[in-house]
Amino acid sequence: MIKENIAFKNLFVTVGTTKFSKLIDTITKKEVLDILQSLGITFVQLQTGKDFPGPKLDPNVEQLCSIRSESGSYTVELEKKITLKYNEYFEDFNNEIEKSDLVISHAGAGTCLEVLHKKKPLLVVINEDLMDNHQMELAEELENQGYLYHCTCNTLVQALKQDFSALKHYSKPEKFVFSRFLDKCIGLSDGK
Amino acid sequence: MLRLLQGLNFKNYTPRYYFIASSDTTSLSKIKELEQSVEKHKQGEYHICKIPRSRVVNQSYITSIFTTLYAILYSIPLVFKIVPDLILCNGPGTCIPVCGLGFLLKTLFIKDVKIVFVESFCRTRTLSLSGKILLYLADVFVVQWMCLKDRIQRADYIGQLM
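Keeping their order, the protein sequence lines are chains R and C. Note that the UniProt record's numbering has the first sequence beginning at 1, numbered continuously upward. Note that the UniProt record's numbering has the second sequence beginning at 1, numbered continuously upward.
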């Protein structure tokens, strides 16, 4: 059962500077779009990364929509119910995070932190094609502590059915924790 | 790393030399942004030193030996000229040559350099390669997760940093 206690309208999907076209393509699968709509999402902003070849839609979806493209950005309208917008990159990521109600992101630490600091519900999708994937460590730990959910492209549908209102807010660190520690290390203060 | 410096009283830490990988333009602009956020009279002096990377992500260990060697040679005159009191680093390949040379200054009794290492936020259960090396060189070894501290006896966990 999907809880309806959070009103989602805008979804932001981001791959950062990585290459993760599998995630972008997964979002536009019929079963994923269905669940997004059932969550109330009407607008999906996808940040695709460099050299994006254009939307690759599920054949079941493609018949039902219109595609517009202008200067590297694509807009897909699906039966007037959901709009997908594709951009390769944003100068101001913070602004896109701020505008969204839910973020689906690659497992980069920087992106995860930005989203968590802005207290937005976050689903991290692990790129299984990356070897030596220690970013998974981080996603698992942050999930264990209840700050986000993580999944793979294959389990995205199931993961979206979880209760995002149950996630804990991640608080920013106290500004002087490290400087006080460092002062103490070099004998500048008694560390009190 | 720059996030950690935000709370620092720059007056006590001057001059500051930022060592960054020559290909790293993001850090370059972030350093300038951080330095400009500090009031002029509290700022002191800072310099940016670009050095070659000793290892890029996923580079093989064999070729890393040569690139590291090059990075070390490149860093020698810089470190011996600066003779730092404190080296603060957070783990990318860039920091290994600098820390190694800092350690050398110490063993040669030229300067009692303090090396402070902060392991990456990504590392919750295992150490990075830099971490494994610096376990032997660093005076202070900070990890950002309690579960990692439990495994590494000599590490310090000082609370949430990011």
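In short, the hints are calculated from the structure, not lab data. Treat each hint with caution, since some may be false.
[What the hints assert, rightly or not] Think about it this way: if two alpha-carbon atoms lie no more than 20 Å apart in a straight line, the pair counts; the simulated EDC-like pairs of lysine to aspartate or glutamate are: (1) Lys32(C) / Asp92(R); (2) Lys19(R) / Asp24(C); (3) Lys50(R) / Asp85(C); (4) Lys22(R) / Glu128(R); (5) Lys184(R) / Asp85(C); (6) Lys168(R) / Glu143(R).
Checked hints:
no., hint, verdict
1, Lys32(C) / Asp92(R), "18 Å, holds"
2, Lys19(R) / Asp24(C), "19 Å, holds"
3, Lys50(R) / Asp85(C), "42 Å, violated"
4, Lys22(R) / Glu128(R), "10 Å, holds"
5, Lys184(R) / Asp85(C), "14 Å, holds"
6, Lys168(R) / Glu143(R), "10 Å, holds"
In the structure shown, a violation is registered for the earlier hint numbered 3 alone.
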